[in-house]
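Given chain A's structure and the hints, the job is docking chain B with the ligands onto it.
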Amino acid sequence: MGDVPLLPTWGPDVAGPGLPAASPRAVRSLRSRGSELASAETQIETVSRVDLSAMPYAGSFERALRENGWARLEPAPIEIFQINLGKLCNMSCRHCHVDAGPDRSDEVMDPATVEACLAAIDRCGAHTVDLTGGAPELNPSFRTLVDALVSRGKHVIDRCNLTILLTASHRDLPEWFAKRGVELVCSLPHNRRRNTDIQRGDGTFEKSITALRLLNAAGYGKGDPGRRLTLVTNPAGAFLPANQAAMEREWKESLEREHGVTFDRLLALNNMPISRYLEWLEETGNLKRYMELLVTSFNAGTIAGLMCRNTISVSWDGRIFDCDFNQMLELPAVASDGSGFHVWDFDPAVLAARPVVVGRHCFGCTAGAGSSCGGAIES
Amino acid sequence: MDTYYKPEHLSHFASIAEGNKALAEKFFSYYGAVFADGALSVREKALIALAVAHTVQCPYCIDAYSQECLKNGSDLEQMTEALHVAVAIRGGASLVHGVQMLEHVKKSSM
Ligand code: SF4
Ligand code: SF4
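Chains A and B, in that order, give the protein sequences. For the first sequence, position 282 (counting from the first letter as 1) is numbered 282 according to our numbering, and the numbering increases by one without interruption. For the second sequence, position 2 (counting from the first letter as 1) is numbered 1002 according to our numbering, and the numbering increases by one without interruption.
Think of the hints as simulated: they come from the structure by calculation, not from any bench. Small disclaimer: the values here were computed from a predicted structure and weren't measured. Don't take each hint at face value.
[Stated by the list, open to error] 25 Å max Cα-Cα, derived SDA-like pairs, lysine to any residue:
1) Lys252/A - Thr1080/B
2) Lys1045/B - Val232/A
3) Lys1045/B - Lys288/A
4) Lys252/A - Leu1076/B
5) Lys1045/B - Arg194/A
6) Lys1006/B - Ser297/A
7) Lys207/A - Gln1078/B
8) Lys252/A - Gln1078/B
9) Lys1006/B - Glu292/A
10) Lys207/A - Asp1075/B
11) Lys252/A - Glu1044/B
12) Lys1006/B - Val357/A
13) Lys1006/B - Arg194/A
14) Lys252/A - Val1042/B
15) Lys288/A - Met1110/B
16) Lys1006/B - Gly237/A
17) Lys252/A - Ala1036/B
18) Lys252/A - Asp1075/B
19) Lys252/A - Glu1077/B
20) Lys1006/B - Lys207/A
21) Lys252/A - Ser1066/B
22) Lys1045/B - Lys207/A
23) Lys288/A - Leu1010/B
24) Lys252/A - Asp1037/B
25) Lys288/A - His1012/B
[Stated by the list, open to error] Examples of chain B residues toward chain A, derived with CB under 7 Å:
26) Asp1037
27) Val1042
28) Gln1067
29) Lys1071
30) Asn1072
31) Gly1073
32) Glu1077
33) Met1079
34) Thr1080
35) Glu1081
By construction, the Cβ of each residue, glycine as well, lies at the ideal position given by its N, Cα and C atoms.
Here chain A stands alone, though its shape is the one from the complex (with noise of 0.2 Å):
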């Protein structure tokens, strides 16, 4: 028989007793490891099975839209069109709302797609052309995509892991997007290592660094509106980030001072319970208390900004959603008949006339100063 401690040996390299053990930092995609969650049906299940009925509003995103005055959630005009190319991702973070990842090859917008998408900025006006994924620019029609939308003068935006931008075909890009005028906004969930590595995986937080290094050096983040570089974080963990101003002061200075590295603007966004992010906050026990944070954090002032009132989201398969969000939980958007909307041949007017989709999940994007692609909606 070995010694019998006296007293308990956990230390530094020694997880003390009772404390979980460190999640997996990058995992792989739910659908490759056959969870039951890679379902959106069980996503939208999961999150409306947690009892909230002691909540505001009964933890019913309707009924807080009915008691603030919004009967139903009318769009306004079409500003942004948002194209998800797909969910090829080089990385799989730990927090993905898409699910994506590198086996998800085969959910990549076809060249086809990509054209009926073209025809259907020109009918619907929008100014600002929004390219998602997954990692958008894995999309083999990514380039001719750009360059089309930039001839027909829409500002395009893309939205950037940072890490990409380091692969072998991708290396020209910063300097490619420079000579386009593109607006890059680039997640960084924080600006230190550790809490970048815990969502996106060991490394990834240098590499970002040096990606950051790359668009500098190509223009961006130097307070040129032509070469936009705008650094999204969003929260490591079952909280909702705070004051984006105040943060984005902090980035600044640390990023450059410690890195040398700068860019132009911070947005702050709540994770939404959805996905990747959905199996990590019921795996930890957090599921009940963040929808209770959610739902009690809920702000009407962030409604008439929600990004769904002014933006649609394509799919990979060409299908319209009122954002990326509902498009994860297959929510498409509706027509009043009951009919969804395909890129190939919408009626902007009958779009323009529809309610958009809402659900529990919307409570992620009007907690505390709300959320949406672009940011806190009140400051």
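Chain B with the ligands only, in chain A's frame:
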């Protein structure tokens, strides 16, 4: 009372106004002003609060300011460093009194 500390006391903090509304209002408005963004950022103030919370060993404050630190963009490393500042001052405060001890010893020993 079956236990002294209850987590729900934190969210019921405002009920302390029951015995004296005017003083509670003064306290809470002062408290709010202290933590507003100022010459120090909200994040820095939350780190100081976290360190003090551990010094006064208040579980309510530890709970509240762990969350507040994360929300305002601090990470575990920064929070742990803040804590060690409190620990160092606490330890140092004991140890520096050792100089009094030393004087006593020197004075009363051969
Ligand atoms: S969060 Fe972004 S970078 Fe990470 S896996 Fe999802 S799509 Fe890819
Ligand atoms: S998830 Fe957010 S953006 Fe989407 S429909 Fe709900 S409120 Fe609108």
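Hint by hint, here is what the structure shows:
1. Lys252/A - Thr1080/B: Holds - the C-alpha atoms of Thr1080/B and Lys252/A are around 23 Å apart, at most 25 Å.
2. Lys1045/B - Val232/A: holds (24 Å)
3. Lys1045/B - Lys288/A: This hinted pair is violated, its Cα atoms lying about 29 Å apart.
4. Lys252/A - Leu1076/B: holds (20 Å)
5. Lys1045/B - Arg194/A: Between Lys1045/B and Arg194/A the Cα gap is close to 21 Å, so the pair holds against 25 Å.
6. Lys1006/B - Ser297/A: Status holds; Cα separation ~23 Å.
7. Lys207/A - Gln1078/B: holds (22 Å)
8. Lys252/A - Gln1078/B: Roughly 17 Å between the alpha carbons, so the hint for Lys252/A and Gln1078/B holds.
9. Lys1006/B - Glu292/A: Given that 25 Å is the threshold and the Cα spacing comes to 19 Å, the pair holds.
10. Lys207/A - Asp1075/B: holds (19 Å)
11. Lys252/A - Glu1044/B: Satisfied, since the Cα-Cα distance of roughly 15 Å is no more than 25 Å.
12. Lys1006/B - Val357/A: Violated, at about 41 Å.
13. Lys1006/B - Arg194/A: Cα-Cα ~32 Å, so violated.
14. Lys252/A - Val1042/B: Within the cut-off at roughly 16 Å; holds.
15. Lys288/A - Met1110/B: Judged against 25 Å, a Cα distance of about 69 Å means the pair is violated.
16. Lys1006/B - Gly237/A: Measuring from Cα to Cα gives roughly 24 Å; hence the hint holds.
17. Lys252/A - Ala1036/B: holds (20 Å)
18. Lys252/A - Asp1075/B: Within the cut-off at roughly 16 Å; holds.
19. Lys252/A - Glu1077/B: The given pair, whose Cα atoms are some 19 Å apart, holds under the 25 Å limit.
20. Lys1006/B - Lys207/A: Outside the cut-off at roughly 44 Å; violated.
21. Lys252/A - Ser1066/B: holds (23 Å)
22. Lys1045/B - Lys207/A: Not OK: Lys1045/B and Lys207/A at ~31 Å, beyond 25 Å, violated.
23. Lys288/A - Leu1010/B: Since the Cα atoms of Lys288/A and Leu1010/B sit roughly 19 Å apart, the hinted pair holds (cutoff 25 Å).
24. Lys252/A - Asp1037/B: Holds, because 17 Å separates the two Cα atoms, which is no more than 25 Å.
25. Lys288/A - His1012/B: holds (20 Å)
26. Asp1037: With a closest approach of 5 Å, the Asp1037/B hint holds.
27. Val1042: Status holds, d = 6 Å.
28. Gln1067: holds (6 Å)
29. Lys1071: holds (4 Å)
30. Asn1072: holds (5 Å)
31. Gly1073: With Cβ-Cβ at 5 Å, under 7 Å, it holds.
32. Glu1077: holds (6 Å)
33. Met1079: The hint is violated - Met1079/B has no Cβ within 7 Å of chain A, the shortest such distance being about 11 Å.
34. Thr1080: Violated, because the Cβ-Cβ distance from Thr1080/B to chain A comes to roughly 11 Å (cut-off 7 Å).
35. Glu1081: Status violated, d = 12 Å.
Checked against the numbered hints above, the structure breaks hints 3, 12, 13, 15, 20, 22, 33, 34, 35 and satisfies the rest.
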